[in-house]
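With chain A held as given, fit chain B onto it using these hints.
Chains as they are written, first to last, in the working numbering: chain A, 1 to 118; chain B, 1 to 112.
These are computed hints drawn from the structure, not numbers from a lab. Ideal Cβ placement from N, Cα and C applies to all residues, glycine included. Each hint should be verified, as a subset may be incorrect.
As the list claims (entries may be wrong) - Pair ranges (Cβ atoms, derived):
id	chain 1	residue 1	chain 2	residue 2	range
1	A	83	B	41	22 to 30 Å
2	A	54	B	96	41 to 49 Å
3	B	68	A	27	28 to 36 Å
Claimed, not checked - Cut-off 25 Å, straight-line C-alpha distance, at most; resulting in silico cross-link-like pairs (DSS-like, lysine-lysine):
id	chain 1	residue 1	chain 2	residue 2
4	B	99	A	52
5	B	5	A	38
6	B	5	A	44
7	A	38	B	99
8	B	68	B	54
9	B	99	A	44
10	B	56	B	99
11	B	68	B	99
Claimed, not checked - Non-contacting residues of chain A with respect to chain B, defined by C-beta distances greater than 12 Å in every case (computed):
id	residue
12	11
13	31
14	43
15	45
16	91
17	107
18	118
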Amino acid sequence: DAMVIQNPRYQVTQFGKPVTLSCSQTLNHNVMYWYQQKSSQAPKLLFHYYDKDFNNEADTPDNFQSRRPNTSFCFLDIRSPGLGDAAMYLCATSRDRPFEWTNPPRQFFGPGTRLTVL
Amino acid sequence: DQQVKQNSPSLSVQEGRISILNCDYTNSMFDYFLWYKKYPAEGPTFLISISSIKDKNEDGRFTVFLNKSAKHLSLHIVPSQPGDSAVYFCAAKQSSGDKLTFGTGTRLAVRP
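So that you can see chain A by itself, here it is in the shape it has in the complex:
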């Protein structure tokens, strides 16, 4: 089945120790997204790739970086995790196409990686 896969599902890191989360997709979608979701809060978009074009949200901290080496894979790098970076990190994909009012655009989400910072 075509899907969005995130590894690992649970990640524990130490304060200040760099960590990388990975996402892969078999949907062949050209857009990939990274969201951060803290407890009882809305998923918050960090950045997204439109093909190889990187689009950073204005309020995403510099501590967060991303790489997309090919269509299938996208990585989230947290250079120096702080306690406030503990959260669920969600990867999503979509296929960019002209907007159609009757054909909904939608994003497909992976199961998420829960990051704990000690």
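Same frame as chain A, now just chain B:
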């Protein structure tokens, strides 16, 4: 600034009854609205959507209503089933661009 708001963090409904989940938005540029459903340990999955050119969209037991003047939408589930127990996220976007703005979610519990 929360542009999409789900003011009820939780809702409990008896099986067979109607569940109504509400969502308000502040950005008048939003013209497409989606509902996602999330089970524990899984990612959100798309449920139903509506564009601003319509005021109602129905898919089986799920109906979404949009009131543009009030900047309000609601998701109706009827009849509710125990398998509907999940967190429901409202999301909004502009027709141009890829960005989804999410609400904080409503946890629905359907009691047998």
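Hint check:
1. Evaluation of the 22 to 30 Å hint for residue 83 of chain A and residue 41 of chain B yields a pass: the beta carbon distance comes to about 23 Å.
2. Between residue 54 of chain A and residue 96 of chain B the beta carbons are some 19 Å apart, a value that contradicts the proposed interval 41 to 49 Å.
3. Distance hint check: the CB atoms of residue 68 of chain B and residue 27 of chain A are about 32 Å apart, consistent with the given range 28 to 36 Å.
4. Simply put, residue 99 of chain B and residue 52 of chain A have alpha-carbon atoms about 17 Å apart, close enough for the 25 Å limit, and the pair holds.
5. This hinted pair checks out: residue 5 of chain B and residue 38 of chain A have alpha carbons roughly 16 Å apart, not beyond 25 Å.
6. With a CA separation close to 13 Å, the supplied pair residue 5 of chain B and residue 44 of chain A stays within the 25 Å bound.
7. Pair hint residue 38 of chain A plus residue 99 of chain B holds up; C-alpha atoms about 19 Å apart against a cutoff of 25 Å.
8. Between residue 68 of chain B and residue 54 of chain B the alpha-carbon distance is near 9 Å, which keeps this suggested pair within the 25 Å criterion.
9. The suggested pairing of residue 99 of chain B with residue 44 of chain A holds, with an alpha-carbon distance near 10 Å, which does not exceed 25 Å.
10. With a C-alpha separation of about 23 Å, the suggested pair residue 56 of chain B and residue 99 of chain B falls inside the 25 Å cut-off, and the hint holds.
11. Restraint check for residue 68 of chain B and residue 99 of chain B: the C-alpha separation of about 20 Å stays at or below 25 Å, so the hint holds.
12. For residue 11 of chain A, the requirement that its beta carbon stay farther than 12 Å from each beta carbon of chain B is met, with the minimum near 15 Å.
13. Distance to chain B contradicts residue 31 of chain A as a non-interface residue, since its nearest Cβ pair spans about 6 Å, not more than 12 Å.
14. A beta-carbon of chain B is positioned within 12 Å of the beta-carbon of residue 43 of chain A; the least distance is around 5 Å.
15. In this structure residue 45 of chain A is not separated from chain B by more than 12 Å, as the shortest Cβ-Cβ distance comes to only about 6 Å.
16. The claim that residue 91 of chain A is not at the interface with chain B is violated, since a C-beta of that chain comes within 12 Å of its own (minimum 8 Å).
17. In this structure residue 107 of chain A is not separated from chain B by more than 12 Å, as the shortest Cβ-Cβ distance comes to only about 6 Å.
18. Listed as outside the interface, residue 118 of chain A is consistent with that label: its C-beta sits roughly 22 Å from the nearest C-beta of chain B, beyond the 12 Å cut-off.
Consistency with the previously given hints fails for numbers 2, 13, 14, 15, 16 and 17, ordered from lowest to highest.
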